[in-house]
Amino acid sequence: MVKMADKRPAYSQLVKDIRAGKFVLTGELEPEKVTCLEEILVSARAMKPYVVAANVTDNPLAYAYMNSLVPSWLVQKEVGLETVYQMTVRDRNRLALTSDILAASYLGIKNILAISGDHTVLGDNKGAVSVYDLDSAQFVYMLHKMIDEGVDVAGNEIHGNVDINVGIAANPNADPLMPEVLKVGRKTKIGADFIQTQTMFDIDKTKEFLKEAEKYKCPTLIGVFPLKSYGIADFFDRFIPGVSVPTELLTSMKKAKKEPDKEKRKQLYDEVNLEFFRPFIKEIHKTTSAAGIHVMAVMYERIFEPLLEAL
Amino acid sequence: MIITEQKPMEEVQEMIAPYDKLFIVGCGTCSTSCQTGGEDEVKEMTEKLGDRVVGWAMVEDPCDLRLDRRDLKAYKEQIADSDAILVMACGAGVQTVGEYSKKIVLPALNTLFIGETERLGKFHDMCKACGDCILDETGGICPLTRCAKGLLNGPCGGQVKGKCEVGDYENECAWVQIYDRLKEQDRLDLFTVFRPPRDFSKKTLKMHHYF
Ligand code: SF4
Ligand code: SF4
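Sequence lines, in order, name chains A and B.
Per my numbering, numbering through the first sequence is continuous, rising by one, with the last residue being 311.
Per my numbering, numbering through the second sequence is continuous, rising by one, with the last residue being 211.
Quick caveat, the hints were computed from the structure, so don't treat them as lab data.
Just so we're clear, the structure is a prediction, and the values are computed from it rather than from any experiment.
Please note that the accuracy of each hint is not assured.
Below, a list of computed lysine to aspartate or glutamate pairs in the DMTMM-like style, where the Cα atoms sit at most 25 Å apart [unchecked claim]:
no.	chain 1	residue 1	chain 2	residue 2
1	B	Lys161	A	Asp152
2	B	Lys206	A	Asp133
3	A	Lys126	B	Glu170
4	A	Lys7	B	Asp189
5	A	Lys126	B	Glu39
6	A	Lys211	B	Asp180
7	B	Lys103	B	Asp125
8	B	Lys43	B	Glu60
9	B	Lys206	B	Glu118
10	A	Lys189	B	Glu170
11	B	Lys161	A	Glu32
12	A	Lys126	B	Asp61
13	B	Lys73	B	Asp125
14	A	Lys215	B	Asp180
15	B	Lys161	A	Glu212
16	A	Lys217	B	Glu44
17	B	Lys43	B	Asp83
18	B	Lys21	B	Asp81
19	A	Lys189	B	Glu39
20	B	Lys163	A	Asp152
21	A	Lys126	B	Asp180
22	A	Lys217	A	Asp163
23	A	Lys126	B	Asp132
24	B	Lys161	A	Glu248
25	A	Lys264	A	Glu283
26	B	Lys161	A	Asp163
27	A	Lys215	B	Glu39
28	B	Lys202	A	Glu32
29	A	Lys189	B	Asp83
30	A	Lys77	A	Asp133
Footprint (simulated), chain B over chain A, 3 or more residues, beta carbon under 8 Å [as the list claims (entries may be wrong)]:
no.	stretch
31	270-277
32	294-306
Cβ coordinates follow ideal geometry from the N, Cα and C atoms, glycine included.
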């Protein structure tokens with residue numbers, strides 16, 4: 001029988017805030033196929049006043065982008081914004097994962113989000129092998145060994161400490177929901193400090209998931225994805241596994257798209273988003289046990305202020 | 001059964017181009033059942049290749065060295081006379097015929113998987129021969145093979161209405177199937193079990209088995 005993690009210390013500000021009972025907000029940064037990080041720094045600075053930490057994505061949708069560790073480190077160093085270093089098990093075997101966790105420790109990373117990652121056939125290098133030497137639960141187990149027991153997953157001693165809190169992902173949109181809930185439970189028992197969910201548009205599904213997962217007592221941040229443009233909304237609806245954008249929202253976005261004046265169009269998009277997400281976020285905050293909101297407003301930082309002023 | 005498909009004829013033509021004289025070997029077992037390397041398909045291939053074929057033979061199991069010896073004995077001269085042997089069997093068959101004959105062997109088929117036959121022409125990928133079977137824990141459904149990510153602790157977040165994110169939501173999500181089966185059997189406790197990382201060295205280190 002595997003020894004499950006006892007509650008580990010709060011190493012990150014994110015987990016400290018969660019444990020202090022604050023309603024926490026996290027943002028998202030997406031390094032793309034680039035060799036420059038100026039845009040990431042600009043986005044990080046723009047969201048810093050509103051969030052306690054920002055996730056840095058790891059080859060999302062299996063697109064081969066810049067590795068997420070360097071920007072995770074740089075944002076902390078240059079902007080002073082804590083990061084959640086996202087790591088998928090799709091592209092690395094257990095050796096490579098271990099190496100990156102050790103490097104992340106050295107660089108002062110305090111949060112890792114351990115995820116499966118979308119399959120390579122969905123990405124921009126479809127012929128690549130999907131590694132999955134470990135699955136995301138086994139990865140959480142590896143992190144538990146490294147953080148709480150000071151050994152790698154094979155039991156070899158690590159010289160130095162790995163002071164990192166571990167997040168996992170969940171998809172409350174999953175249908176059927178119970179296999180997803182039980183899987184989340186399995187992972188929380190191994191050693192997860194928090195959950196960040198997939199993007200939610202449906203308040204009932206959000207509540208149902210929170211209710212079902214309540215027994216695992218793992219603080220949950222609900223994912224929201226303000227839609228910067230109709231194009232993004234449409235892409236999201238069509239290509240993100242397990243997520244669909246509500247028809248009314250898509251229709252309103254489509255209508256806003258028709259506005260020829262760029263500035264006015266932006267304003268219309270913002271209005272549509274605020275109309276949808278403000279009450280959504282408010283309801284989560286007021287009526288559920290959620291620990292916070294994970295705002296995936298990638299390259300759409302101007303929405304933070306008006307979106308969150310209701311809280 | 002080992003499921004195979006025929007390579008496209010253009011690919012076969014390209015592969016055999018350097019060789020004037022060919023001997024063809026068919027498989028009396030799996031490839032006969034798959035209708036990819038049975039007697040009918042061997043005859044068809046012989047016709048297509050015409051004069052270049054110096055002979056053909058069926059082996060009950062080309063992947064069994066003893067049966068290659070037994071069934072190909074009568075064709076020794078024709079085989080010796082050929083430049084290469086085109087083997088209409090799975091990869092194991094092709095290699096074993098190569099071991100037996102020491103000739104150049106060419107695969108006429110692509111080996112797909114160890115699978116279930118639903119009916120002729122309808123096969124399902126079922127087993128990766130991982131060397132450490134866990135079907136007792138997973139409701140008789142193999143996640144290593146049938147989950148696109150081979151997860152031991154699934155599902156991932158990508159299933160939609162029980163369909164897998166890989167392959168345009170056409171395939172079943174193996175982990176939802178496992179959940180359903182275990183639930184039916186009142187064994188959901190098995191679903192919540194955490195399976196630690198696998199020891200892949202076992203299979204890597206053991207390529208030859210002597211019982
Ligand atoms: S677990 Fe799956 S791959 Fe392994 S032997 Fe069993 S059926 Fe085959
Ligand atoms: S959707 Fe199901 S079958 Fe497909 S990769 Fe995820 S867990 Fe595996």
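Outcome of the hint check:
no.	hint	result
1	B:Lys161 with A:Asp152	violated (37 Å)
2	B:Lys206 with A:Asp133	holds (19 Å)
3	A:Lys126 with B:Glu170	holds (18 Å)
4	A:Lys7 with B:Asp189	holds (24 Å)
5	A:Lys126 with B:Glu39	violated (38 Å)
6	A:Lys211 with B:Asp180	holds (22 Å)
7	B:Lys103 with B:Asp125	violated (32 Å)
8	B:Lys43 with B:Glu60	holds (16 Å)
9	B:Lys206 with B:Glu118	violated (32 Å)
10	A:Lys189 with B:Glu170	violated (32 Å)
11	B:Lys161 with A:Glu32	violated (31 Å)
12	A:Lys126 with B:Asp61	violated (36 Å)
13	B:Lys73 with B:Asp125	violated (35 Å)
14	A:Lys215 with B:Asp180	holds (22 Å)
15	B:Lys161 with A:Glu212	holds (18 Å)
16	A:Lys217 with B:Glu44	violated (66 Å)
17	B:Lys43 with B:Asp83	holds (19 Å)
18	B:Lys21 with B:Asp81	holds (8 Å)
19	A:Lys189 with B:Glu39	violated (57 Å)
20	B:Lys163 with A:Asp152	violated (35 Å)
21	A:Lys126 with B:Asp180	violated (31 Å)
22	A:Lys217 with A:Asp163	holds (22 Å)
23	A:Lys126 with B:Asp132	violated (29 Å)
24	B:Lys161 with A:Glu248	holds (22 Å)
25	A:Lys264 with A:Glu283	violated (29 Å)
26	B:Lys161 with A:Asp163	violated (39 Å)
27	A:Lys215 with B:Glu39	violated (62 Å)
28	B:Lys202 with A:Glu32	violated (39 Å)
29	A:Lys189 with B:Asp83	violated (62 Å)
30	A:Lys77 with A:Asp133	violated (32 Å)
31	270-277	violated (count 0)
32	294-306	violated (count 0)
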